Amino acid sequence: MTHYLSIKDIDNLSVWVKEARILKSQPKADKNLGANKTICMLFFNNSLRTRLSTQKAAMNLGMDVMVMNFGSEGWTLEYGDGTVMDQNTSEHVKEAAQVVSQFCDIVAIRAFASLTDKEQDEAEVVLNGFKKYAGIPIVNMESSVGHPLQALADAITLEEHNSKERPKVVLSWAPHPKALPHAVANSFVEMMQLQEADFVITHPKGYELNPAITKDVQIEYNQEKALQDADFVYIKNWSSYKEYGKVLNQDPNWMMTKKKLGSAKFMHCLPVRRNVVVEDAVLDSDQSLVIEQANNRTYAAQIVLKKILENL
Amino acid sequence: MTHYLSIKDIDNLSVWVKEARILKSQPKADKNLGANKTICMLFFNNSLRTRLSTQKAAMNLGMDVMVMNFGSEGWTLEYGDGTVMDQNTSEHVKEAAQVVSQFCDIVAIRAFASLTDKEQDEAEVVLNGFKKYAGIPIVNMESSVGHPLQALADAITLEEHNSKERPKVVLSWAPHPKALPHAVANSFVEMMQLQEADFVITHPKGYELNPAITKDVQIEYNQEKALQDADFVYIKNWSSYKEYGKVLNQDPNWMMTKKKLGSAKFMHCLPVRRNVVVEDAVLDSDQSLVIEQANNRTYAAQIVLKKILENL
Amino acid sequence: MTHYLSIKDIDNLSVWVKEARILKSQPKADKNLGANKTICMLFFNNSLRTRLSTQKAAMNLGMDVMVMNFGSEGWTLEYGDGTVMDQNTSEHVKEAAQVVSQFCDIVAIRAFASLTDKEQDEAEVVLNGFKKYAGIPIVNMESSVGHPLQALADAITLEEHNSKERPKVVLSWAPHPKALPHAVANSFVEMMQLQEADFVITHPKGYELNPAITKDVQIEYNQEKALQDADFVYIKNWSSYKEYGKVLNQDPNWMMTKKKLGSAKFMHCLPVRRNVVVEDAVLDSDQSLVIEQANNRTYAAQIVLKKILENL
Chain U
1 MTHYLSIKDI DNLSVWVKEA RILKSQPKAD KNLGANKTIC MLFFNNSLRT
51 RLSTQKAAMN LGMDVMVMNF GSEGWTLEYG DGTVMDQNTS EHVKEAAQVV
101 SQFCDIVAIR AFASLTDKEQ DEAEVVLNGF KKYAGIPIVN MESSVGHPLQ
151 ALADAITLEE HNSKERPKVV LSWAPHPKAL PHAVANSFVE MMQLQEADFV
201 ITHPKGYELN PAITKDVQIE YNQEKALQDA DFVYIKNWSS YKEYGKVLNQ
251 DPNWMMTKKK LGSAKFMHCL PVRRNVVVED AVLDSDQSLV IEQANNRTYA
301 AQIVLKKILE NL
Chain Y
1 MTHYLSIKDI DNLSVWVKEA RILKSQPKAD KNLGANKTIC MLFFNNSLRT
51 RLSTQKAAMN LGMDVMVMNF GSEGWTLEYG DGTVMDQNTS EHVKEAAQVV
101 SQFCDIVAIR AFASLTDKEQ DEAEVVLNGF KKYAGIPIVN MESSVGHPLQ
151 ALADAITLEE HNSKERPKVV LSWAPHPKAL PHAVANSFVE MMQLQEADFV
201 ITHPKGYELN PAITKDVQIE YNQEKALQDA DFVYIKNWSS YKEYGKVLNQ
251 DPNWMMTKKK LGSAKFMHCL PVRRNVVVED AVLDSDQSLV IEQANNRTYA
301 AQIVLKKILE NL
Chain D
1 MTHYLSIKDI DNLSVWVKEA RILKSQPKAD KNLGANKTIC MLFFNNSLRT
51 RLSTQKAAMN LGMDVMVMNF GSEGWTLEYG DGTVMDQNTS EHVKEAAQVV
101 SQFCDIVAIR AFASLTDKEQ DEAEVVLNGF KKYAGIPIVN MESSVGHPLQ
151 ALADAITLEE HNSKERPKVV LSWAPHPKAL PHAVANSFVE MMQLQEADFV
201 ITHPKGYELN PAITKDVQIE YNQEKALQDA DFVYIKNWSS YKEYGKVLNQ
251 DPNWMMTKKK LGSAKFMHCL PVRRNVVVED AVLDSDQSLV IEQANNRTYA
301 AQIVLKKILE NL
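Residue numbers (UniProt numbering), protein chains in the order written: chain U, 1 to 312; chain Y, 1 to 312; chain D, 1 to 312.
Among these hints, one or two may not hold up.
Given that identical chains are not distinguished, each listed pair holds provided it fits within a single copy or across any two copies.
As the list claims (entries may be wrong) - The calculated DSSO-like cross-link candidates involving lysine-lysine, where the alpha carbons are at most 30 Å apart (straight line), are:
1. K8 / K246
2. K37 / K307
3. K307 / K28
4. K168 / K94
Think of the hints as simulated: they come from the structure by calculation, not from any bench.
Just so you know, these numbers come straight off a predicted model, no measurement behind them.
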């Protein structure tokens with residue numbers, strides 16, 4: 001394995017989840033694996049969980065860590081071919097990627113969707129630029145299209161809390177004041193397609209995710225109906241994909257409540273806006289798995305880094 | 001011991017000072033104590049001395065360090081209970097604190113007073129939010145109300161330079177162009193209340209610190225009188241507490257001068273505005289202890305972290 | 001050796017280059033040399049290569065690294081003597097330098113030219129302020145006047161790719177939309193004056209570098225003539241020195257092209273604006289050494305830090 005760009009880079013999800021859970025029980029067991037290896041974490045967007053959990057995972061493996069915030073500490077990169085760079089971009093990703101890769105063994109990158117240019121977002125210019133030119137393994141710390149470290153942590157969390165052979169898992173859209181990317185939802189959908197589960201997506205009309213990702217996953221526009229007999233409910237806002245990046249709906253009736261949740265477990269990637277996306281009563285209940293999902297971010301990152309290190 | 005939130009968390013000041021001075025003489029002696037332990041330093045405000053000295057102290061103890069600037073690298077947290085988070089806050093401290101605590105063993109936090117809302121400042125929402133929800137030891141790297149790492153460094157410095165059984169120590173207000181918090185003055189006052197000393201506070205009328213903190217400490221409005229026969233003069237600006245956060249006075253006559261200082265030692269927490277708070281002649285003289293105070297920040301942080309690590 | 005402020009701090013360039021190349025072949029060989037030593041990297045300006053390569057070099061030597069961005073994480077320093085600091089500066093370099101030096105063993109500093117005040121830029125107030133007051137070795141990570149880590153990396157790169165006893169090396173100005181500093185060009189010129197080479201500088205009239213630096217180096221205003229039979233062509237934009245900081249010329253005919261380059265090797269310090277400073281065809285050809293120059297930044301920094309550590 002070389003890169004971890006999407007859920008598709010996992011060759012066997014259930015094996016990875018098992019191995020991640022073993023790491024969780026003894027996080028420092030591989031402390032020599034990363035000795036004399038360096039990870040460079042490049043942030044084109046802000047981060048809390050991803051920043052700290054990935055750094056922690058790298059340190060658990062004995063790696064050196066370098067962090068760079070491209071916005072405040074660097075400059076704007078150019079991604080186009082043949083561009084006459086006489087405007088706002090100061091360096092081409094061709095150079096930046098080749099250069100950075102000489103200072104480290106693995107590059108982890110966070111670069112969100114613009115939500116203004118679908119084509120450019122789907123081209124994943126930052127991630128793919130580094131993949132093309134860096135020549136070393138790239139880890140996706142959330143890109144325009146996916147957030148596979150989050151989805152892997154979600155898979156670990158599901159495995160820890162699931163007691164059924166075929167649980168019912170519902171991904172439900174929720175309202176939010178801002179236009180948010182599709183990355184978390186996309187990767188969760190891709191991950192669920194690798195699971196034994198009854199998986200349903202529910203959202204208002206107009207909020208269909210990219211059909212190339214959802215494929216034949218059942219979409220149910222009636223949230224109440226979708227939630228019936230759910231074992232796990234994953235809540236997430238995203239903006240419209242069709243009317244790209246638009247907020248079409250802020251209907252508070254789509255907020256998750258204790259009543260709607262029933263006896264299901266509640267999941268969310270965080271950060272979450274309380275009483276907008278989900279009410280306090282859910283987050284403050286024992287049914288909420290959000291803190292454990294965040295905890296598992298460390299072990300998701302650690303199993304990914306471990307597999308990359310073993311193949312360097 | 002679990003937290004280091006204020007001077008009150010020191011069980012025996014003179015013992016801590018002694019132990020800090022031993023650490024100072026052999027800073028790497030406990031290098032294995034922090035092995036496989038991580039401190040996460042969260043900055044809600046800028047920092048130079050605190051950032052570097054706390055990081056150095058942690059490294060001296062063999063800890064891993066993660067630094068996060070919430071402003072430029074993260075987002076705005078919510079502290080209110082039951083808030084409908086449809087405005088500027090993106091994550092509740094309930095989640096942030098629980099999550100961060102999973103990635104480390106100790107959290108150190110800097111969060112200044114707003115100086116606009118006394119009630120909220122005194123509630124110490126950031127520090128207390130993390131204390132309530134993090135479930136791991138919290139270290140105060142300057143909060144609304146206190147700066148106990150500074151005061152502990154000041155105690156070490158006093159001990160190093162004091163030759164009397166009962167020295168006279170004066171805390172004198174000084175002018176400043178901006179409204180500054182009360183944190184440093186508050187913690188210095190609390191620390192002095194644990195010392196054998198004649199302790200006097202002097203400032204213009206209207207600059208009384210919180211009487212719940214100063215208690216029965218002598219307040220002398222005549223600076224000249226206060227400074228008579230002083231052994232140590234601690235200079236610090238703060239804004240009005242009564243007319244909360246207001247600058248009532250910028251009278252340059254309150255600036256500390258070589259003449260006023262006499263033969264006393266000069267102390268200040270830094271950063272200091274030269275020739276506004278204190279004249280060059282004082283800072284550039286042998287009577288100034290400010291550089292040594294800053295140096296002792298490392299050992300103040302180190303004794304605090306050491307005690308926390310020993311009780312983990 | 002104590003400081004690395006300019007090329008003049010290299011006692012024997014060819015020996016340093018040789019030693020750097022040995023380090024390059026075994027970068028972790030001196031991993032114990034920096035044990036229990038800390039470097040503090042202070043950035044007053046943004047940085048990618050310098051940030052990562054210097055950090056990597058320090059880690060290769062086993063040092064602890066602390067990074068501080070003065071702009072976003074700190075405040076504005078004062079450099080003047082006797083200033084009444086009632087304006088925008090919050091701390092004097094006298095205090096800042098003395099304080100920082102207590103938390104580390106080496107300070108590395110990046111502080112660009114303002115390009116508005118020649119006298120102040122040439123006084124190198126940041127670098128010289130820290131040199132004067134820190135009392136520990138200072139490393140220049142690009143100052144107003146020089147970028148000696150870059151020039152040392154350039155010397156390593158030249159040595160790696162040169163096969164002649166006396167190669168012809170041309171430093172050619174190129175157009176750029178913004179006013180850029182003279183630091184890289186200055187240090188390259190100073191470094192070339194220590195080399196066996198035919199060295200020519202070419203630029204439009206009005207772009208003469210400081211004659212105190214270029215001394216008797218040949219200046220040829222006709223780029224075509226200058227480039228004849230060149231073995232190495234170093235391209236760099238800089239603003240006018242005479243009309244300090246002005247952009248006098250953006251003539252695209254000065255852009256480097258494959259045709260002009262002939263069979264010479266191409267060098268640039270990066271970041272570079274493609275198709276403004278140099279055309280794609282050059283950067284994407286085998287004649288470009290820019291990625292190797294960036295790679296050698298690590299070993300330039302490492303030999304400098306090694307020599308400093310050996311003399312601590």
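Note to self: Within, between, both or neither: how does the pair K307, K28 come out at a Cα-Cα threshold of 30 Å?
What the structure shows: Both, since 15 Å and 24 Å are each at most 30 Å.
Practice task
Could you place K37 and K307 in one of the four classes (within, between, both, neither) given a Cα distance threshold of 30 Å?
Solution key: both (14 Å within a copy, 24 Å between copies)
If the cutoff is 30 Å on CA atoms, where do K8 and K246 land: within, between, both or neither? Let me know, please. within (28 Å within a copy, 52 Å between copies)
Using 30 Å as the alpha carbon limit, work out where K168 and K94 are close: within a copy, between copies, both or neither. Between copies only: 28 Å across chains, 45 Å inside a chain, cut-off 30 Å.
Every hint from the earlier list agrees with this structure, and none is contradicted.
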